[in-house]
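Q: Residues per chain are reported as follows:
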Amino acid sequence: MKFNNRNVFIDASVVLGQNVQIGDNTTIYSNVIIGDNTIIADNCVIGEPNNSYYRNQLEYINPKTVIKSNSLIRSYTIIYAGSKFGENLNTGHHVTIRENTTAGKNCSFGSYNDIQGECEIGDYCRLQSYVNIGQRSKIGSFVFIYPYVVLTNDATPPSNLLQGVVIDDYSQITAGCVLLPGTNIGKYCLTSANSTVGGVFEDDSFIAGTPAKKIGKLSKMPFFNEENKRHYPWPKYFERGMPWEGIGFEQWNKLNEND
Amino acid sequence: MKFNNRNVFIDASVVLGQNVQIGDNTTIYSNVIIGDNTIIADNCVIGEPNNSYYRNQLEYINPKTVIKSNSLIRSYTIIYAGSKFGENLNTGHHVTIRENTTAGKNCSFGSYNDIQGECEIGDYCRLQSYVNIGQRSKIGSFVFIYPYVVLTNDATPPSNLLQGVVIDDYSQITAGCVLLPGTNIGKYCLTSANSTVGGVFEDDSFIAGTPAKKIGKLSKMPFFNEENKRHYPWPKYFERGMPWEGIGFEQWNKLNEND
Amino acid sequence: MKFNNRNVFIDASVVLGQNVQIGDNTTIYSNVIIGDNTIIADNCVIGEPNNSYYRNQLEYINPKTVIKSNSLIRSYTIIYAGSKFGENLNTGHHVTIRENTTAGKNCSFGSYNDIQGECEIGDYCRLQSYVNIGQRSKIGSFVFIYPYVVLTNDATPPSNLLQGVVIDDYSQITAGCVLLPGTNIGKYCLTSANSTVGGVFEDDSFIAGTPAKKIGKLSKMPFFNEENKRHYPWPKYFERGMPWEGIGFEQWNKLNEND
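Protein chains in written order, with the numbering used here: chain A, 1 to 259; chain B, 1001 to 1259; chain C, 2001 to 2259.
What the hints contain is simulated information worked out from the structure, not anything from laboratory work.
Just so it is clear, the structure is predicted and the values come from calculations on it, not from any experiment.
There could be a bad hint or two in this list.
[Claimed, not checked] Not everything, but these chain B residues come out facing chain C in the computed CB check (under 10 Å): (1) 1002; (2) 1007; (3) 1010; (4) 1013; (5) 1068; (6) 1069; (7) 1147; (8) 1159; (9) 1175; (10) 1190.
[Claimed, not checked] Lysine-lysine pairs mimicking DSS-like chemistry, simulated, CA-CA at most 25 Å apart: (11) 214/A <-> 254/A; (12) 1213/B <-> 214/A; (13) 1214/B <-> 1254/B; (14) 2254/C <-> 1214/B; (15) 105/A <-> 68/A; (16) 187/A <-> 213/A; (17) 213/A <-> 2187/C; (18) 2187/C <-> 1213/B; (19) 64/A <-> 105/A; (20) 1213/B <-> 213/A; (21) 236/A <-> 254/A; (22) 2254/C <-> 2187/C; (23) 229/A <-> 217/A; (24) 213/A <-> 2213/C.
For glycine and all other residues, C-beta sits at the position ideal for the given N, C-alpha and C.
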């Protein structure tokens, strides 16, 4: 259905792996490398030239863009040149990812995500719809971010001093939160919906309010799951798509320790 | 202007009613049924295949998609296969509606709406721009939802237990509200802007705050309109596009009682 | 890269200035005037017909759209007919600007902006990603608006009485703020992130909370910048892209006084 080679444009310099499919109406600009078994669906733009292209089209050289194997890029996604992603990248629709974004493997970017570039994202992160990641953000691995979250970076707008947000592994940033510039969130934290979060939070914090405070240790809060157990730290109870799927988080950790 | 048959792709299995117009650069995949006098504008994708298509393209069969008569789908809208809408469907631009969404007649979905699918929406609902409806949501009729509202569904993220939000007839969910998983809002309610709403609210509630509480009966609150009358319940004072337009809500209710 | 004349449609009535470039897959409908050295990138729709087109296609005449010189419209932007912009217009991706929007020179509209039309915007305004401007809004010059801000206009939704928001020169509306109908924000104000702002605020207000209050004079608040100076009023310390770039705000003001 999607792969009829109608109105497809792929620059001659693009390197396609084995079994790559490119959807109709999609454009892939120069110096893009796409891994095996990857699907770029219809109406996408991959390797979008950076702003300097418009200033000097003749001398512009598109930076290298890397999309690895087994990725699925859904329709109306724009990925700028100069970004690099690990294997199993997954995007929703109408996504924009700007230049010099680096993301690890098994990351997903939901519909209408606006990743402003110049940021680092670890492995197995899941951003739901409408997530806005400002420049200089650093996001660890296994971080999930929910709709209408924004990671800001300018404490005295407008200014030229950008202070990115840092979110460490396994933390969950729920819907509607604004993360203020320079915020540093430790491992295994949870922010309550619609919070306005600034400052430094240690591991295992439950964070809520405007302005947000640490309410207590997340692992001690009464968030019970279907099994009537305290749900946090969550990796014990959620494994869909995670590398501990089938073996459990504890066992996976032991295997990793032996690495 | 819009209907020049340039770069249009319509699968042979698509059933078009009388006087249907399809805009340039639009794709309609298999098993879509479109009612009379409907316009699908340019750059749309209708009958977008579900995720299982990518896993097994050869055996995949696209579920039936139904768009009824007198609908208007604006540009850059994506409607997944397996969704069904009543007559007079209206979408803005850059809308995404996922699979197994069921909506009644005279519904409108504003620009950048992200309807996650597996949800039920009644008649005459109006979603303004940037509304995010999570799976398992149930929305009654005559419900209006304003920008940056999200209906969430996971109380202990991430987990596998999805609890949808329920909103009953005639309720108004204003800008920036986060509706927490399992929230149940009765008829004729109003949520105040930017509230974080969880729990069960009876009919005629005015709901505000983070976390939100019932402030009082909405019909008793001092919300006055142009005629200096208490505006709620609103159907007495607003009829544009509603089935009681021209006859008034009271008279329309009487006619309905006789049905 | 972007300008190969593939699948481009430009109505015969369109007036193109000198050295205009039109990207692939872009459509420009009738009665659009584009100034010198302007770039309309790929996959855009310019001069989108207004809703009355769908009701009577034969008699419909597209209102005049004016995009002046040195503008850059990025991909997947839709600009409705009947809007007028000054020189150096800049848009992100997936932007929607509705009819009868008037904006001055050097304005930028970030990705996923939804400008509802029937609004006035001054010079040198910068809207970041996901900004939603309701009808009847009036925005001065040098106003910056950050992600997920909505300017609403209906105090008793749904109703037919629209009361736009007014924001005066040099004010900063930070991420996640909801501006309630009829709100009037003076010059040199700052709203704190995630605030719900209603009422009238005099010049130099720092505004915060839900509901928001004036916390104090912004120029007296302890917002210090890199130079360890009070950052507000900000034009003393920020000049990138501003008309006082290189000469300083004070000197620019003096030059303007002599005009």
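Q: If a hint holds in the structure, say so; if it does not, say that too.
A: Here is what the structure says about each hint:
no.: 1; hint: 1002; verdict: holds, 7 Å
no.: 2; hint: 1007; verdict: holds, 6 Å
no.: 3; hint: 1010; verdict: violated, 17 Å
no.: 4; hint: 1013; verdict: violated, 25 Å
no.: 5; hint: 1068; verdict: violated, 17 Å
no.: 6; hint: 1069; verdict: violated, 14 Å
no.: 7; hint: 1147; verdict: holds, 5 Å
no.: 8; hint: 1159; verdict: violated, 26 Å
no.: 9; hint: 1175; verdict: holds, 5 Å
no.: 10; hint: 1190; verdict: holds, 8 Å
no.: 11; hint: 214/A <-> 254/A; verdict: violated, 31 Å
no.: 12; hint: 1213/B <-> 214/A; verdict: holds, 22 Å
no.: 13; hint: 1214/B <-> 1254/B; verdict: violated, 31 Å
no.: 14; hint: 2254/C <-> 1214/B; verdict: violated, 54 Å
no.: 15; hint: 105/A <-> 68/A; verdict: holds, 9 Å
no.: 16; hint: 187/A <-> 213/A; verdict: holds, 16 Å
no.: 17; hint: 213/A <-> 2187/C; verdict: violated, 32 Å
no.: 18; hint: 2187/C <-> 1213/B; verdict: violated, 35 Å
no.: 19; hint: 64/A <-> 105/A; verdict: holds, 18 Å
no.: 20; hint: 1213/B <-> 213/A; verdict: holds, 21 Å
no.: 21; hint: 236/A <-> 254/A; verdict: holds, 14 Å
no.: 22; hint: 2254/C <-> 2187/C; verdict: holds, 19 Å
no.: 23; hint: 229/A <-> 217/A; verdict: holds, 16 Å
no.: 24; hint: 213/A <-> 2213/C; verdict: holds, 21 Å
The structure shown violates the earlier hints numbered 3, 4, 5, 6, 8, 11, 13, 14, 17 and 18.
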